[in-house]
Amino acid sequence: MKKDDSYYIRHALPALAVTVIVFLLPVASVLLKARNIGRTITDPYTWRLLGFTVLESGLSALLSVVIALPFCIFFSRYTFRLRKAMLTISDAAFALPAILAALGFVIYYGNNGILNNILKSLTNGKASLKVLYSFKAIILAHVYLNFPVAFSLITTALSNMPDTEEKASRLLGASEVRTFFRITLPKAMGSIISAFTLIFLFCFPSFLIVMSLGGNPRFFTMEAEIYKRTYTDVDPSSSASLAVFSFAVMALLLLATGYGREDKKAQRARHKLKPLAGNKKAVAIILCILIILFMAPPMLSILYRAFFNRDGDFTLKAWSGIINRANSGAGTSLDAIINSIAIATISATVATVMATRISMAAVRNRLNFLSLLSSLPMAVGSVSMGLGFAFLAARIPLYNKAVSFLLVLLAHIVVIMPFAIRTILPGARHIPVRLPLAAKTLGAKPNEIYRRIEYPMLRSYRRRAFAFAFALSLGEVNATLALGEGRITTIPVLIYKLINQYNYQGASALAVVLLTIAIVMFAIGEKEEKQ
Amino acid sequence: MSYLECNDLKRTHRHFTLDLSFAMDKGELLCIIGPSGSGKSTLLSLIAGIDDTERGSIILDGEDITRTSIQKRRIGMVFQDFSLFPTMNVEQNIQYGMKNKTPEEKQKKTEELLELVGLKDYAKRKVLELSGGEAQRIALARAIAAEPRILLLDEPLSALDAPLRKRLREELRNIHCRTGLTMIYVTHDREEAFAIADRIMILRSGHIQAIGRSEELYNNPQSLFVANFTGEGSTLKMPRNQNIDEDSIAFIRPEDIIILPKGTEETNADSISLDAEVSGSEYNGSFYTVTLQTEYGEIRATSARRPEDDQVMLSIPKGKIKYLK
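Residue numbers (the working numbering), protein chains in the order written: chain A, 1 to 531; chain B, 1001 to 1325.
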């Protein structure tokens, strides 16, 4: 290839510079604050924390994958009316803010929650479940958030695999069961492992779920401990040291799991899904009901609590609270909504624009390390990232609301960038190399090729990236909270505070707002192209 | 002076090195054929400017374009996968490469080109709705619209099915005649090359094996490779009467062999006779391909009838036997 393609790298440079600086600034400020890394490494408590974090994320990932597997097998074999709907809902759950899961769990699984109320009324007050504020509550919430991820990823992978080997195996006389264990499962192992890895990496820096549903430092992950050391113990040096340790562990994990490396091969012919017949129909209905019974109640509970008080009486108190700007001291609900939408809009726009340029350069200039670089922010937990920005803020002499807002914005951009790039990169790869060549033989200049051919071809990918980034920014609470304890109040930060004040109704009303915006964004992202 | 001159071009790849020189005249249609990995596409890439030559020069119409950027070469290219721009309709695709034209002129030219490729009412169609054959016609129109000095076609028909391929290659030849465009056409299909080319270049491992008119290459191949590549034939270890070259092998086309009943008296002094045994015969519609065993090895011949007896006599005109290496 000719050097003419330097166009792409030149135009990606500003985006790359911004990404690197915005990522390095907080990391550097954490590094500068970390004065006793040696003590952190030798402290047995650090290793206990690490062990617990690994256990908690490993168990969450394992359960998510194992529970999802039977569903995946069925959904990748048969086609039926609810199939697509179920898969779409699972895709949507990718962007479901953890704060909604936390709130839904408190209201539904709480000791005086809706599930227990139902159980008590059914058994005259005898039976009740104690789920909340325990290790199992954390795991259950992680599975709740990640079951759809496993379900969606593995089902898609299984559905896209050609089934010629299975047919050959059956023709050679193997039973369906033997064929599954000898042929299908080994083939699916790659996607199962990659789903496990992804969920593990999602759960590893878990903070919000641990804080809201664990209720005990015994269940703290490293990110939770970092937050506690910063704001409860007010020991920034020790929290920074732990953050550095956590960063090193995460980086090693990313390298070891090869996440960020691309493994996508060209899609081959997928197999045909069979229509349902006989008792398989009943199986399909049962499976769908199981998914709905698991996924829907916490969200429906939020909806219910937004309009009904604890005694079951209808009230709009929480809603008038939002409109009348009367809420807790940390800023009003309306401010939070405006902040959230503004931050999500700006950060998602910036991330999409930068991700487009970086993805094109990665593909055209064959710079695979760019995609690796872009997933680097994943190596830093968002609490540590927020903390880094907080340390940075402390160094800025002129510290006011505008600076605060800007820092939150930057933190959000860093957190959502990897996901924006990951969404656009396949689109950039999808553009045949011959198209720009064809345009060049017709006399087009690089800028014209980009503007008239490549950029329009990325349209649906850019839209999906924007929607995804927007939803992630909207639900972002870790970095926002860690950055000066949420001086800039966003919807999820306010929900978190309201949960801590046991104001579930106020939290629910805001959560309904959050959920509505997230669903609208998801619908925009998934909109079919009119081609 | 020739219209296009490629002098001493060289491009090193992992599996072969392209190393060749050739020239062609204005308005000529040159076909490049060769097995996969012989350097056909590499050569087109060098001429188009997609790839750089390591040495030598490319002269087009008296201008040295060796270091000219792709955009400025004004060389059209039609790809195997059509490479139409999916975000534009047919008309926008065709007009993409038009330069220095008013909108009216562009419109008029588009209509002419659509007419030329036989897709008159397709201007507003979406590219993704076109069939393979239609898409390739539009790709051709788009390339011609940019008024290239030479048009390169890289296996343009290989993504299409056989009947369509046959029809399109005739159309392509017609378009070539009507526009007078200089064209280089790469294919791995010998029949296609024979059908449309003015001249054929045979490539192997980056080197030119032969270049010439199709009839010349078929009837008087300069090497065994060219003989085999231009058509069917049998190779026999048959000694030559005089001036024996130990290494050379006799090559005979199947249609040059006459199958006679055993014991027929050979009357023609310019032919040689061979005893043979029929070991198989395939029916091909209008003729049979008969496989025969002789003292010099296996031989294949075409015949209008299936031989009645297993033991036959072959008569081969001496002039049709080529001794090649």
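Please note that a few of the clues may not be correct.
As the list claims (entries may be wrong) - Taking lysine-lysine and the DSSO-like style, the derived pairs with C-alpha atoms no more than 27 angstroms apart in a straight line are: (1) B/LYS1120 / B/LYS1099; (2) B/LYS1106 / B/LYS1124; (3) A/LYS33 / A/LYS228; (4) A/LYS445 / B/LYS1072; (5) A/LYS445 / B/LYS1109; (6) B/LYS1101 / B/LYS1072; (7) B/LYS1262 / B/LYS1325; (8) B/LYS1124 / B/LYS1101; (9) B/LYS1072 / B/LYS1120; (10) B/LYS1325 / A/LYS527; (11) B/LYS1099 / A/LYS445; (12) A/LYS33 / A/LYS167; (13) A/LYS33 / A/LYS136; (14) B/LYS1262 / A/LYS445; (15) A/LYS187 / A/LYS167; (16) B/LYS1124 / B/LYS1099; (17) B/LYS1099 / B/LYS1109; (18) B/LYS1108 / A/LYS445; (19) A/LYS130 / A/LYS272; (20) B/LYS1124 / A/LYS445; (21) B/LYS1106 / B/LYS1026; (22) A/LYS527 / A/LYS84; (23) B/LYS1126 / A/LYS445; (24) B/LYS1072 / B/LYS1108; (25) B/LYS1108 / A/LYS527; (26) B/LYS1320 / A/LYS445.
By construction, these hints were calculated from the structure, which means they are not laboratory data.
List in ascending order the numbers of the hints, as given earlier, that are violated by the structure.
7, 9, 10, 12, 13, 14, 19, 25 and 26
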